[in-house]
Amino acid sequence: MYSKTVMDHFRSPRNVGVIENADGKGEVGNPLCGDMMTIYLKINKDRIDDIKFQTFGCGAAIAVSSMLTELAKGKSLDEAKKITNKDVAEALEGLPKNKLHCSNLGADALQLAIKDYEARKAGKPLEEPVRKELHMHKHGEGCYCPYCDTQLPEGENTCPNCQLSVIQKH
Amino acid sequence: MNIVNLDHLSANPLLPEVQEAMIQAIRANFGNPSSQHKLGDRASEALEKARESVALLINSGSPKEVVFTSGGTESVNLGVKGVAWAKAEKGKHLVTSNVEHNAVLRSLRRLKMMDYKVSSVPVDSHGRVNPSDVAKAIKEDTILVTIMHSNNEIGTIQPIEEIARITRERNVVFHVDAVDSVGVVPLDVQKLGVDLLSFASNSFYGPTGVGGLYVRRGTHIWPLLDGGVQENNRRAGTENLIGIIGMGVAAELAARDMTSRIAGMKKLKDRLLRELPNTINEYIVNGHPELSLPHLVSVSIKYIEGESLVLMLDDENIAVSTRSACAAGALQASHVLLSIGRDFADAQGTLVITFGLDNSDEDVTRFLKALKDAVKTLREISPLYAKAAQA
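Those sequence lines, one after another, are chains A and B.
Read in this note's numbering, the first sequence has 149 at position 149, and its numbers run on one by one without any break.
In this note's numbering, each residue's number is its place in the second sequence (first place is 1) plus 1000.
Next up, chain A with everything else stripped away, as it sits in the complex (with noise of 0.2 Å):
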């Protein structure tokens, strides 16, 4: 199911663990499934010198992790913020269709980071770690589905595009 590469990162996790007094923070979590991401920074001059993340999730949350501590380790930030979800998975040789929006949220956790960094550095830290929403507004009106996007019909609360369970609870 899962290709070598993700088996390789799920075996043997790189950069796990905790940044005592980490100079950025960022947690994202899947709140419907429970997958949850946590990616810790130290950044010297502008450049990511050390990234540990601790995961709860599947065997893709897990590979995910991995994979972008690895990407990102030693990256300017400015490279570093162009690193995508895309990436992380094209890294891992692809993952499973029903995974690729679920599981994979290394990239948001480094963003939300990368964010939570710079916010202290202007000397404005950001509040509470931010979750993935149930469901998002944009687009103007209506609820969107928050791995693919998809407008979901009122009510529904199975997305008719990738049949992730949604939550249409205001």
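You can take every hint at face value.
Calculated pairs, DSS-like style, for lysine-lysine (alpha carbon to alpha carbon, straight line, at most 30 Å):
1. A:Lys42 <-> B:Lys1387
2. A:Lys52 <-> B:Lys1302
3. B:Lys1064 <-> B:Lys1191
4. B:Lys1038 <-> B:Lys1064
5. B:Lys1369 <-> A:Lys52
6. A:Lys75 <-> B:Lys1387
7. B:Lys1376 <-> A:Lys73
8. A:Lys52 <-> B:Lys1372
9. B:Lys1092 <-> B:Lys1136
10. B:Lys1087 <-> B:Lys1117
11. B:Lys1372 <-> A:Lys4
12. B:Lys1302 <-> A:Lys97
13. B:Lys1117 <-> B:Lys1136
14. B:Lys1387 <-> A:Lys73
15. A:Lys25 <-> A:Lys115
16. B:Lys1376 <-> A:Lys42
17. B:Lys1376 <-> A:Lys25
18. B:Lys1302 <-> A:Lys25
19. B:Lys1372 <-> B:Lys1267
20. A:Lys25 <-> A:Lys73
21. B:Lys1387 <-> A:Lys124
22. B:Lys1090 <-> B:Lys1112
23. B:Lys1117 <-> B:Lys1139
24. A:Lys86 <-> A:Lys121
25. B:Lys1136 <-> B:Lys1087
26. A:Lys121 <-> B:Lys1387
27. A:Lys52 <-> B:Lys1376
28. A:Lys45 <-> A:Lys25
29. A:Lys86 <-> A:Lys73
30. A:Lys97 <-> A:Lys73
31. A:Lys25 <-> A:Lys121
32. A:Lys25 <-> B:Lys1387
33. A:Lys115 <-> B:Lys1387
34. A:Lys81 <-> B:Lys1387
35. B:Lys1302 <-> A:Lys4
36. B:Lys1376 <-> A:Lys4
37. B:Lys1369 <-> B:Lys1266
38. B:Lys1387 <-> A:Lys52
39. A:Lys4 <-> B:Lys1369
40. A:Lys25 <-> A:Lys42
Rather than coming from a laboratory, the hints here were simulated on the basis of the structure.
Please build the complex by placing chain B on the supplied structure of chain A, with the hints as guidance.
Chain B only, in chain A's frame:
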């Protein structure tokens, strides 16, 4: 290293006697059981012999009450939709429980698209239905109650006999999904007093792709498949004779050996539950402490996710199942675990361990050791564990 199979609910190996009977059947020159010549007669005799063995296993009043199907899913679909269609003129209301298998849930969902209404009764923290809730849910236009015998995720056995008393008194047909019970625990359809009961051959070491529906005499159902008049007009299509012969032999063996099988598996289950507290901490055992399948243990392990655990145990050549949303194709948390009060995170860390005839004490030892290591590794990665430790 040999693989320790602790996932017998997903698949059971065929017993040697079953294999042998099926190989003989493949080699035999059987005709079509519906044909009137000698080749047909020979096939028909083998078919009816298997039907008798299966009828005996569930103590049906007559072999004619057994309809062969392609397995548990078809049996459930036939039991639920077959009654709903046949009784549509009397009413369109059905009653079920919150912890049913998808075969029941999705059959009902399909019926809802056809203007049927469904009421679902809750379960207690052990996963048991209260029969008085069923009584309350039955209305004037209720045509069917469908409740499972044992739960496939947590093993809890339902008070079927009490519910059957209510359905009889109210003149409502009662279907029971007993796919994980028949051939595993003693089950007597006459004593239970049910009208329809679904079962599958693989649950008792027969082949997959074969099952059956007990239809009490006088219970009217419409077929799902239209065609020939096989199975007394209740299931069209030439019978899967080789599979059915395998199921017949498996049924005979299950009836013969049931007491010793239960004792053997119960011993392994009891030992696992006894030694679990010395192996890991912070977990919840799901299901009823006594009224439960003898070979199933469901345990929700906090702060970790089940699919990761399954993959790690697989690396140690141990096969178990999880009820984590991450491992489910639909990526949804288990409705059964949520119904008995587990939260999303705890449901994520749920393992289902099911013992079988090939397991030994040594397997439990190997499992416990591997579990201890895997839980430790995953908790070290988990932010939830770190947070709980801080608090």
